[in-house]
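Engineer: Taken in sequence, the protein lines are chains R and F. Position 655 of the first sequence, counting from 1, maps to 655 under my numbering, and the rest follow consecutively. Position 35 of the second sequence, counting from 1, maps to 35 under my numbering, and the rest follow consecutively.
If you're looking for bench data, these hints aren't it; they were derived computationally from the structure. Remember, it's a predicted structure, so these values are computed and weren't measured experimentally. Using N, Cα and C, we set each Cβ at its ideal position, and we do this for glycine too. Treat the hints with care, as some may be off.
[Stated by the list, open to error] With beta-carbon atoms standing in for the labels, derived distance ranges: (1) F:Ala145 / R:Gly471: 34 to 42 Å; (2) R:Ala225 / F:Ala248: 54 to 62 Å; (3) F:Phe118 / R:Leu371: 46 to 54 Å; (4) R:Ala669 / F:Gly212: 50 to 58 Å.
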Amino acid sequence: MRRVRPAVLLAFLVAVPAAAQSLPEASDRVVDYRISVALDPVTHKLTGRETLTWRNPSATDAVSELQFHLYLNAFKNTKSTFMKESGGQLRGVDMAADGWGWIDITSIATSSGEDLKPTLAFIQPDDGNRDDQTVAVVALPEAVLPGGSVTLEIAFVSKLPRVFARTGYEDDFYLVGQWFPKLGVYEPAGMRGRETGGWNCHQFHASSEFYADFGTYAVEITVPAGYVVGATGERTGERANANGTKTYTYAQADIHDFAWTADPDYVVAKAKFSATEDVTPAEYGRIAKLLGRTVDEVRLADVDITVLLQPSRRQQAQRHIDAAKAGLKWYGLWYGRYPYKTLTVVDPAPGAAGAGGMEYPTFITAGSAWLFNYWPFDRIRAVEEVTVHEFGHQFWYGMVANNEFEEAWLDEGLTTYSTGKAMVAAYGPDATIMEFLGLTMGDRDVSRASNDPAARYNRVLAKAWDYTPPGDYGFYSYYKPSLVLGTLEGYIGEQAMARVMRTYHERWRFGHPRSEDFFAVVNEVTGQDWGWYFDQVIRGTDVVDYDIGSARTRAARTGLGVFDSPGGRTTVSEKDAAAKDDDASRAGKQRYESVVVVRRSGGVRLPVVVAFKFEGKPVERETWDGRGTTKTFRFERPEKLEWVEIDPDRRIALDVNWLNNGRRLEPDARPAASWTSRWLFLIHNLFVTLGLL
Amino acid sequence: MTASIREGLRAAARHQKLTWLLWAWYGLLALVPAFPVWRWWNQVLGASPEGAAVLRRFDLGVFLDLTRTEGVGGLGLMSTAVAAAAAIALVSSAFAFGGILEVFGADDDRRSFMHRFFRGGGHFFWRFLRLAIMAGVGALLATGAVSALMTALTKPLVDSEWEPGWYLASAATVTAVLITAALFLLALDYARIRVARDDSRSMLKAYVSGLGFVLRRLFMVYGIAIAFLAVEAALVVIYLAYETNAPAAGTWPAIAALILLQQLAVLGRVFVRVSMAGAERHFHLTALPTPVPVVVAEPSALVAPLSPLPASPQEQIPT
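Same shape as in the complex, but just chain R (with noise of 0.2 Å):
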């Protein structure tokens, strides 16, 4: 463990600001997929044809083989990997007993027309389980050469579940994710710390998501006429076809994933967010000089919206479009313009939750009720928190695209971390989740709800499928990283915090970091090493906590015994020494001892403020580095001491425990009498319903 530095100690660092950088206008785009698929809604099958062109991005390697995902198989049978890790359940739905999904390669050749099927093979990287076929390889007859390209003809057949993990129908409605073969990622050596260039293609995984190529998207989609469609990217024409079906194009570039839903039931809703109008000058100029920025380098742009929403939940379209206006401005001006024309927001049929909640380039699921129409549901902001939280992933994993399988929360922990920030800057710190019948919960009773006391067994860095036991992924994922991310705010400030997530944004914009590349941009921007807080916070599985051991205040008392002085040896007995006492008393000249001792109960070290009010006194500070597992404070003053706080302006979000961080010499009766008399209440009224029945 690394020394931690005095100065880090305080939370008014001087933040180097680092050098402004402009955002990258394009992706460097290693791949063009153009796709033109047919649904059968009978058969719920995809037909497809893709032509695929993928650019060899290394400047030493010759390539040989293609590595892809395929991803449906996942739902093939209950002997993938993907179905062993689950038990067949995810995010709390089951998968259906007639709801099996798969993806066939029917044919695969070069442009130049020679079959590549033969040399097809499914292969286990990660688990070495023969059964998954997730993953399969390629043979080029010809390697491709450092920057060299090849174009590939497939044609596949994809049958989608019934909706599970993220795709599938229901009835007639479809989410279609994950659902073309899709190259994994040519790694060469150099990125992300590779010593030697090679694919980086995992299979799927229960608690993985995706990784992938930036590149280029044109898709055609045909669907039975009455079918209403959504896609990534942007509707590039439609034609109504001979046989009663009609085809909507879309073309996006610069993306890595595209997905599309169909439904015949959809109501659509459309809004434009409007750069001028729903920012202020005075938010350009608060943001600009937060991020030490002109007011022309955070301007937005303008994006269309699309809400694609259920019939019994069209009042709530305006719920949707707000929520989405918020993430484009706030996402947009902390981390740079959303650079896309478009965004699309589904809501999922009813019983098929198991597709909310989840990103894709310019097209997220959201998720809501029926219920929430009507108050006091409509006091709950579970739709607000989805989407704005699915729409704070296209900054994250749509356009800073880390490894989601090696390194889950450089997404979900940063977007997690992004919408509890997004939800207070639109809704207001306190009620974020919900106001309801006079309660209310914010973004911040929920980090606290979520930092797990007992989670001492992973690493926050670990690949997503190695979590024990793995239902832990959402914790170690989502939740401590995002407390990580407060914590660190809370020692280096909300200014040079907004300069560290900006920068990280505009450097890896549509780049592919790792964690230290994030650690990094950290430690330039403060000026700081912080790898002593990431080794441990990150990269190691203990928890934070600070306590109170002990407090104490009491007079101070004339000492007995024998004493010598310049003037001679004295003696004081314990006669002269109450008189003395009652004499300081008297004369309002008592002094009182007061001895504090902190503790450190959990591993991590991390430097803490503790605060002290003396009787008639303003708090006084003082600090401990957290070396050692105990600090003694001792004072010998005029005045009680009233009580002693650890971290009293919470920047520790990572604390697992606050109540055990204060300590009052007087105890306060009122919050436990508040509280039981309700619970007193509650137990009187069941016991009358009880005894009167």
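Based on these hints, arrange chain F on the given structure of chain R.
Structural biologist: Same frame as chain R, but now just chain F:
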């Protein structure tokens, strides 16, 4: 119906000590699980500056810190204490109703209220307890059957794509189950009234008779019950409105006001329930002025007595 409701309210008002006694008894019982909880919470929240957050609003973080780390065992103790006291409350309902009905029925008895109450409670306790068990078993079986039936009937609605259908189906099932449960509980009330009136000893017959009474007068019986339940619901709404809109109970005067309001609400509920018992009793008296006695069958006088059989040789008394 209105006459019975009026009479019930008058009876409860005339015998206010019933309300006070029952309020106090269940309040005392409630203190059993409340006191250790208060001690636990006071020890933790009182000493922690963070605890003051709850004086402003319900703080989920404080609650979780309290239950996850500061006394995990406290939750177990709380649940056990609540369960034990709830069992006592349930059993004591048999005693309470015996007391209520005895007090209502002994207006001309000059003995003290407490004497009458405890006399009735003790006299009818075991019989009312047996009636309550019958009602409980019956209600459980009937609500199970109704729930299964409603689930089958509403399945098309649940399976349809119309989302409100699911909520309507659930509401319909819950309503049917509640009406069914109410039927068995109301039958219990009328069976108790009948037993108190004619001191009958066959509880099965008394309960079946109670069921029959309710089924023959559904509108009136449910009407009386709904009227009183509406008042109870209003009390709950008033309390919730206060909790929602009043400033958080952060000062001692505000806490005292909250406690006062809470206890007034409970007192109100007890008064309403006692009134409902009075109204039901009045309705029973009105509907059945002279209760049909539960007669144990006796041999008919018209049947000729059997001739005595000749004694067997062994039984003949030797002369």
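Engineer: So, for every hint listed, does it hold in this structure?
Structural biologist: Taking the hints in turn, this is what the structure says about them:
no.: 1; hint: F:Ala145 / R:Gly471: 34 to 42 Å; verdict: holds, 38 Å
no.: 2; hint: R:Ala225 / F:Ala248: 54 to 62 Å; verdict: holds, 58 Å
no.: 3; hint: F:Phe118 / R:Leu371: 46 to 54 Å; verdict: holds, 49 Å
no.: 4; hint: R:Ala669 / F:Gly212: 50 to 58 Å; verdict: holds, 55 Å
Checked against the numbered hints above, the structure breaks none of them.
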